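Here the protein sequences come in this chain order: A and B.
Residue numbers are given in numbering that gives the first Met the number 0: position 333 of the first sequence equals residue 332, and the series is strictly consecutive.
Residue numbers are given in numbering that gives the first Met the number 0: position 336 of the second sequence equals residue 335, and the series is strictly consecutive.
Each hint should be verified, as a subset may be incorrect.
One copy or any two copies: either way a pair holds, since identical chains are not told apart in the list.
Unchecked claim - No more than 25 Å apart at the CA atoms, straight line, and that leaves these computed lysine to any residue pairs for SDA-like:
1) 257 - 212
2) 170 - 184
3) 170 - 186
4) 180 - 290
5) 257 - 232
6) 69 - 79
7) 276 - 194
8) 69 - 34
Rather than coming from a laboratory, the hints here were simulated on the basis of the structure.
Here the structure is a predicted model, which is why all the values come from computation and not from measurement.
Residue-level listing of the chains:
There are 2 protein chains.
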Amino acid sequence: MEESALSNRVSVAILGATGAVGTELIELLDERDFPLSELKLLASPRSAGKTIDFRGETLTIEAVSAESFKNVDLVLASAGGSTSQKWARVATEAGAVVIDNSSAFRMDSDVPLVVPEVNPEAASDRPKGIIANPNCTTILMAMAVWPLHRIEPVERIVVSTYQSASGAGAKAMAELLEQTKAILNQANPPTESFPYPLAFNLFPHNSPLNDLGYCQEEMKMINETRKIFDEPELRLSATCVRVPVLRAHSEAINLEFKSPISVDRAREILTAAPGVKLIEDWQANYFPMPIDASGQDDVLVGRIRQDLSHPCGLELWLCGDQIRKGAALNAVQIAELLLQENRQNLSQTATTSKSAI
Amino acid sequence: MEESALSNRVSVAILGATGAVGTELIELLDERDFPLSELKLLASPRSAGKTIDFRGETLTIEAVSAESFKNVDLVLASAGGSTSQKWARVATEAGAVVIDNSSAFRMDSDVPLVVPEVNPEAASDRPKGIIANPNCTTILMAMAVWPLHRIEPVERIVVSTYQSASGAGAKAMAELLEQTKAILNQANPPTESFPYPLAFNLFPHNSPLNDLGYCQEEMKMINETRKIFDEPELRLSATCVRVPVLRAHSEAINLEFKSPISVDRAREILTAAPGVKLIEDWQANYFPMPIDASGQDDVLVGRIRQDLSHPCGLELWLCGDQIRKGAALNAVQIAELLLQENRQNLSQTATTSKSAI
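Construct the complete structure from the given sequences, taking the supplied hints into account.
Written as structure tokens, this is what we have:
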């Protein structure tokens, strides 16, 4: 029984296969030996016809159409909100489950918002056939705060972010490099992906602002964390800032707990937390840095300190790969939850040959 | 009377004249028409003999010695803590007032710590003849928080900084550029001024850590703000981070007031605050940025928002030139306070011809 379940392979389509996250999704499916029966690479007509090597085969990128989702079990979508809005229903009506990396469905009460280390159980209740992947900064913060919160309740979070160019996509990463070269050559830096120069500069996150002056990125951190933690009243405030770093995000997080918690206790909890790596070399003054977090699966956490301004406060610092755990890895982990569910269903029913995903 | 006071000129020595702050001090004395009878440029023997053009004259840098301070009224010291420890007493014994930019005397209860827009009166009580210039991040934060605090008391401050290379000196700024070039050329970045690469990276401030895990830079923000505000019990916590920016620092500041304060009220107060410029273009999503703050005297403040996690909370964002208002300008402004004091003394006594500085 176990064997037949394990041999069950799924047909996966990646929507937005040429973007920074799409590229990482393809790598992760390979790296994690995801049991594929087929891999379809979908993108806009502009990218159609390009090829990508995968497990010794040459895959050709197809322009997405209604036909694309036939016989597809699982869609990993990372092509932005409007593309997801357009294609998610087409895909689910064709029978696929969609794991969506955009913000299109995250706050939809019929769509679970999942960080596998935090709320894996939520993934199985998906009335629309869609599971949303949270925003990168939200995922990274949830990874560090949830292990503490489930043992010692957190009452308030104040976070400041240091967000890399990758958050705005592969083109933005290239633009940061181009801007840097231009400035070193005393030329004007190009600003297409970003409204202002990011090289040797930084600025508050340029997503649209609401009436209270919070940008979308900040509201994502606030609302998504409440949903993932299932704590609609959790008090949060956020300041999101773009910095001239290529691909990992950093966050300075101030936590107020219900009761005092010692630094040692927090350290103990985070040392045991899955997907979290404690990096604290107090002698060498060495803590998490974006260049060390880049390409890593784990969220690097460190500099845990008693907050000197609050008896129940802790300060902590983290860096995490925005493309990996902040996006593609989390999506693939959600897909792995579905595989598990599928195997359990198979082992319970032992009747169907069709994938239950 | 007024005329004779205004014609009173002072002999100034700059200790550390070749550093980033020293260079800016020289520029500011010129720019602000500081009434000099003489300008002496002092530095380590390594820099002695170099020349600097100033107001049409060529000044030669002297190696600092006990003789250097003869007939000097005012010393602007910016050569680091150990140099100040070594020479401040020599200078004051020779009759000079020392405005010290290092951290050597800042927490000495016999040394006032002054931000002219906040506590100008403190400058006149200087039993040791030394006035300390606060740390750059402290000055910038005090400029934005004090105007609010004096009208609507602040109970708690949680700040995260985004600190430029200039905080580690002129060599560090050059190193950031060299590191950037090296990385663009796929070479190893040099790390002499910084322990880790700063180009396309960032890291918690690398000043020495105390037993609670706070670095010196963070403790400066906490302790110096308390002293400047004369609020020894003010609750503060800080996370200081170095970012790959050349010369202006940024800060994300979360404030908890005793009573609720509206964003409009805060905006009104900060619009009227001296040395502060409100930069908030909500339509264009344009707020203070380091490249705009560089070379400016004003501290740029913006993104004032109600803290969504606290009924008495406000979030604000600032950028300020670390070398200018964060160091050299503040020191020159303190010197200007002394000129004023001198003039008042002269107009009161109308007897002495010697500078009272």
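Give the relationship of residue 276 and residue 194 under a CA distance limit of 25 Å: within one copy only, between copies only, both, or neither.
The answer is between: 22 Å across copies meets 25 Å, while 35 Å in one copy does not.
25 Å Cα threshold - placement of residue 79 relative to residue 69
Answer is within: at 22 Å inside a copy they meet the 25 Å cutoff, but 70 Å across does not.
Quick one: residue 257 to residue 232, C-alpha cut-off 25 Å, is that within a copy, between copies, both, or neither?
So residue 257 and residue 232 pass the 25 Å test inside a copy (14 Å) and across (23 Å) alike.
Between residue 69 and residue 34, at a C-alpha cutoff of 25 Å, which is it: within one copy, between copies, both, or neither?
within (19 Å within a copy, 82 Å between copies)
Checking residue 170 and residue 184: alpha-carbon separation at most 25 Å within a copy, between copies, both or neither?
For residue 170 and residue 184, the Cα distance is within 25 Å both inside one copy (21 Å) and across copies (20 Å).
Alpha-carbon proximity context of residue 180 and residue 290, limit 25 Å:
both (20 Å within a copy, 16 Å between copies)
Can you tell me if residue 170 and residue 186 fall within 25 Å by alpha carbon in one copy, between copies, both or neither?
both (20 Å within a copy, 23 Å between copies)
Have a look at residue 257 and residue 212 and pick one of within, between, both or neither, based on CA distance no larger than 25 Å.
between (28 Å within a copy, 22 Å between copies)
Every hint from the earlier list agrees with this structure, and none is contradicted.
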